[in-house]
Amino acid sequence: MRLAVLAVIALSLALARVPARLEIEIALETSGYYAVTTPETGQLVTLAGHDDVDAGAVLTDFDFRLLQEQLAKRQADSEIATRSLDAERDGEPLRATTARQRLGALNDQIEHSEARLAAETLTAIAGGVVLPGTDRPSGAHLETGSVLGVLLPAEGEAMLSGHFPEDHVDYYREVVSGAQLRFAGRYYDMSDDDIILQERMSIDQQSGQRLYAHQVRAPLAPAALVGRTGRVRLDFSPENLGNALFSIPEACS
1 MRLAVLAVIA
11 LSLALARVPA
21 RLEIEIALET
31 SGYYAVTTPE
41 TGQLVTLAGH
51 DDVDAGAVLT
61 DFDFRLLQEQ
71 LAKRQADSEI
81 ATRSLDAERD
91 GEPLRATTAR
101 QRLGALNDQI
111 EHSEARLAAE
121 TLTAIAGGVV
131 LPGTDRPSGA
141 HLETGSVLGV
151 LLPAEGEAML
161 SGHFPEDHVD
171 YYREVVSGAQ
181 LRFAGRYYDM
191 SDDDIILQER
201 MSIDQQSGQR
211 LYAHQVRAPL
221 APAALVGRTG
231 RVRLDFSPEN
241 LGNALFSIPE
251 ACS
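Just so we're aligned, residue 1 is where the sequence shown starts under the working numbering, counting upward by one.
Simulated from the structure, these hints should not be mistaken for laboratory data.
Possibly wrong hints are sitting among the right ones.
Pairwise CB distance ranges (calculated) [said to hold, decoys possible]:
1. R210 <-> E143: 35 to 41 angstroms
2. G208 <-> A55: 45 to 51 angstroms
3. S207 <-> T121: 22 to 28 angstroms
4. R210 <-> T121: 43 to 49 angstroms
5. D52 <-> P219: 50 to 56 angstroms
6. G145 <-> G227: 23 to 29 angstroms
Derived DMTMM-like pairs: lysine to aspartate or glutamate, alpha-carbon spacing no greater than 25 angstroms straight-line [to be verified]:
7. K73 <-> E23
8. K73 <-> E29
9. K73 <-> E143
10. K73 <-> D86
11. K73 <-> E25
Built from N, CA and C at the ideal position, the CB exists for glycine as well.
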C-alpha cells in the first residue's frame, strides 16, 4: 500500500513538471548542399552571392594566370610556326614536313588549353542562391579545391537546425505528442521522422546548460530560407508519462 502511495505521489510530481509546450528557434542548416569549389589554382575575381541563379549560370570569374600564360605562349609559337611553314613550302620538303608537324602539334595544344579554360568555368548545377564564404575576398589566390561557398537549391527539402535544452531531452524522448513548424509565415505539422535529436552537445554560456543539436527536415526550398529563422513547437502529453516514469529518473529526482 505504501509503495502504491509513493508511486502515485511520484507520478503526480512528475506530471506537474511536464511542460505543456516547448518552442525552439531554428535556422537553415547550410551544410550538405552543393559546395562551390575552385577547379584550378588561380585568382578569384568575382563570386556570385545572395543572387538568384538559374541552372547553368556562371558562378565565378577566375584569373587562371598560369593557364592563360601557357595558352598565350602556344598561340605565339603557332604564329611563328605558321610563318616558318609558309617560308618552307617551296623549299626543302623535309623541313616543310617538320614545320607542318610542329604547327599541328601546337594547334592541338591550343585547343586543349582553350577547352581546359572553358571547363574551369564554374556553373550552377541547379537553380538557387549562392551563399558565399566569408573568407574569400576578391583577388584572393586560391588553391585547387578551395571552398568558395554553397549553392542552396530552389527546389527540394531543407534541413533546419537549432539547440535543444538539456532539461527537456527526456521529455522529448518519452512524452512528446506532436510538433509543428512555423517558418516564413506558414505552419507545418511534423512527423517523428522529420525531427532528429542529436547527441552532439554544446554549452550555453549564460545558463551553463548543455545544448543538444536539434534538426528538422522541412518541405521548404533551401534557397528561400537564407537569412531567415523559424520556430518548432513541441507539444507534450503528460498521459504518456506513466509508462515512462521510471525510465526518466532525472525528471523525477
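Now for the hints, and whether the structure bears them out:
| no. | hint | in the structure |
| --- | --- | --- |
| 1 | R210 <-> E143: 35 to 41 angstroms | 38 angstroms, holds |
| 2 | G208 <-> A55: 45 to 51 angstroms | 47 angstroms, holds |
| 3 | S207 <-> T121: 22 to 28 angstroms | 50 angstroms, violated |
| 4 | R210 <-> T121: 43 to 49 angstroms | 46 angstroms, holds |
| 5 | D52 <-> P219: 50 to 56 angstroms | 20 angstroms, violated |
| 6 | G145 <-> G227: 23 to 29 angstroms | 27 angstroms, holds |
| 7 | K73 <-> E23 | 64 angstroms, violated |
| 8 | K73 <-> E29 | 46 angstroms, violated |
| 9 | K73 <-> E143 | 23 angstroms, holds |
| 10 | K73 <-> D86 | 20 angstroms, holds |
| 11 | K73 <-> E25 | 58 angstroms, violated |
Comparing the model with each numbered hint stated earlier shows that hints 3, 5, 7, 8, 11 do not hold.
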